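Position one of the sequence shown corresponds to residue 7 (the numbering used here), numbered consecutively onward.
If you are wondering where the hints come from, they were derived from the structure by calculation, not from laboratory data.
None of these values were measured; they are calculated from a predicted model.
Among the hints, erroneous ones may be present.
To be verified - In the EDC-like style, the derived pairs of lysine to aspartate or glutamate whose C-alpha atoms are separated by at most 20 Å in a straight line are:
| hint | residue 1 | residue 2 |
| --- | --- | --- |
| 1 | K289 | E143 |
| 2 | K39 | E50 |
| 3 | K325 | E143 |
| 4 | K192 | E329 |
| 5 | K192 | D275 |
| 6 | K192 | D271 |
| 7 | K192 | D286 |
| 8 | K289 | E249 |
| 9 | K289 | E316 |
| 10 | K289 | E234 |
| 11 | K325 | E234 |
| 12 | K192 | D71 |
| 13 | K39 | D95 |
| 14 | K192 | D66 |
| 15 | K39 | D71 |
| 16 | K192 | E249 |
| 17 | K192 | E234 |
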Amino acid sequence: MELLVTGGAGFIGANFVHYVLGHTGHHVTVLDKLTYAGNLASLEGLEGERFRFVRGDIADAALVDPLVAGADAVVHYAAESHNDNSLRDPRPFLETNILGTYTLIEAARRHGTRFHHISTDEVYGDLALDEPGRFTESTPYNPSSPYSATKAGSDLLVRAWVRSFGLAATISNCSNNYGPYQHVEKFIPRQITNVIDGVRPRVYGQGRNVRDWIHAEDHSSAVLAILERGRIGQTYLIGADGERDNRAVVELVLELMGQAPDAYDLVADRAGHDLRYAIDATKLRTELGWEPQYGDFAAGLGATIRWYRENEHWWRPQKAATEARYAELGQ
Numbered sequence: 007m008e009l010l011v012t013g014g015a016g017f018i019g020a021n022f023v024h025y026v027l028g029h030t031g032h033h034v035t036v037l038d039k040l041t042y043a044g045n046l047a048s049l050e051g052l053e054g055e056r057f058r059f060v061r062g063d064i065a066d067a068a069l070v071d072p073l074v075a076g077a078d079a080v081v082h083y084a085a086e087s088h089n090d091n092s093l094r095d096p097r098p099f100l101e102t103n104i105l106g107t108y109t110l111i112e113a114a115r116r117h118g119t120r121f122h123h124i125s126t127d128e129v130y131g132d133l134a135l136d137e138p139g140r141f142t143e144s145t146p147y148n149p150s151s152p153y154s155a156t157k158a159g160s161d162l163l164v165r166a167w168v169r170s171f172g173l174a175a176t177i178s179n180c181s182n183n184y185g186p187y188q189h190v191e192k193f194i195p196r197q198i199t200n201v202i203d204g205v206r207p208r209v210y211g212q213g214r215n216v217r218d219w220i221h222a223e224d225h226s227s228a229v230l231a232i233l234e235r236g237r238i239g240q241t242y243l244i245g246a247d248g249e250r251d252n253r254a255v256v257e258l259v260l261e262l263m264g265q266a267p268d269a270y271d272l273v274a275d276r277a278g279h280d281l282r283y284a285i286d287a288t289k290l291r292t293e294l295g296w297e298p299q300y301g302d303f304a305a306g307l308g309a310t311i312r313w314y315r316e317n318e319h320w321w322r323p324q325k326a327a328t329e330a331r332y333a334e335l336g337q
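Start from the sequences and build out the full structure, keeping to the hints where you can.
Structural data, given as structure tokens:
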């Protein structure tokens, strides 16, 4: 297939591009605006007849239309995606996540192009820490931040276009990703790079917020399975049974990096901080036969730590500005 991957220079998108080119014969065109979260260095070494890069905005209809027309499928990763940033300035989240998605699905509708929309478990809000249940495809939406609200809005646009216009689309909502190429503003790479720099990690609130972690390569294999075998109009939740609270994660990072497990500080909590996310991926596993390869979180985290140790040239240019922003917030 000829794939158009939006946001392919970002964290999860870049991992998908590497996975597709390494495991299939598909051709990939990446469309990325290269905002602060997009990094061409994440695509180094992919030059060749099966890969090309186009810099541009997914909300630019004149640019998007011919790219979608030339693709067999669009895999839509591009999004403004960091909660802290959405609390400081929601406007870019509306422009990219809502208007950008609208522009893409309109082009896909015109040209009859298969469309897969990447979303997040954050659209469902959060669960109580002692609640036994997990999110399923039928869980009502209950977003709690400008980021998750705009992602929920983009999901609903795709669903409406499937029903109203027959758009050949699927949606996936995934739990928290970790792995190579993740911006140092995010929780796990921030802790890893702080330890590398001899700085004590910092954790919001009491660190009891629970996230369901999945390695980005497992996310990529799940998306490819949905793209190739998923039923049109369906939503699939992607998760790897990786629930851990933030304290447990940072303590494991410290242990794996040879530090005392209590060598971190607690800081003021983030506004609207969701308590717990948990994914039930039964539909994906039973219907499409997908299974994660990184079932051992400690092993996946250890591999991620090694990547950040060995690729300081990739993350170092981002680090100072990121920590300056957090310092302004006392975090």
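Need the status of pair K325, E143: alpha-carbon distance at most 20 Å? Roughly 37 Å separates the two Cα atoms, so the pair is violated.
With the threshold set at 20 Å, check whether the alpha-carbon distance from K192 to E234 stays at or below it. violated, 30 Å
Restraint status (C-alpha distance of K192 to D71 at most 20 Å): violated, 33 Å
Against the 20 Å threshold, does the CA-CA distance of K289 and E316 hold or violate the hint? The hint is violated at about 37 Å.
Pairwise hint evaluation, E249 against K192, where the allowed Cα distance is 20 Å at most: Holds, at roughly 17 Å.
20 Å limit on alpha-carbon distance, applied to hinted pair K192 and D271: Since the Cα atoms of K192 and D271 sit roughly 17 Å apart, the hinted pair holds (cutoff 20 Å).
When you check the alpha-carbon spacing of K192 and E329, does it fall within 20 Å? The given pair, whose Cα atoms are some 11 Å apart, holds under the 20 Å limit.
Keeping to a limit of 20 Å between CA atoms, is the pair of K192 and D275 held or broken? Distance ~15 Å between K192 and D275 Cα, so the pair holds.
Are the Cα atoms of K39 and D71 separated by 20 Å or less? With a Cα-Cα distance of about 16 Å, the restraint between K39 and D71 holds, given a limit of 20 Å.
K39 and E50 were given as a pair; does the straight-line alpha-carbon distance stay at or below 20 Å? holds, 17 Å
Do the alpha carbons of K289 and E234 lie within 20 Å of each other, as the hint requires? Roughly 16 Å separates the two Cα atoms, so the pair holds.
Is the Cα-Cα distance between K192 and D66 20 Å or less? violated, 28 Å
Checked against the numbered hints above, the structure violates hints 3, 7, 9, 11, 12, 14, 17; every other hint is satisfied.
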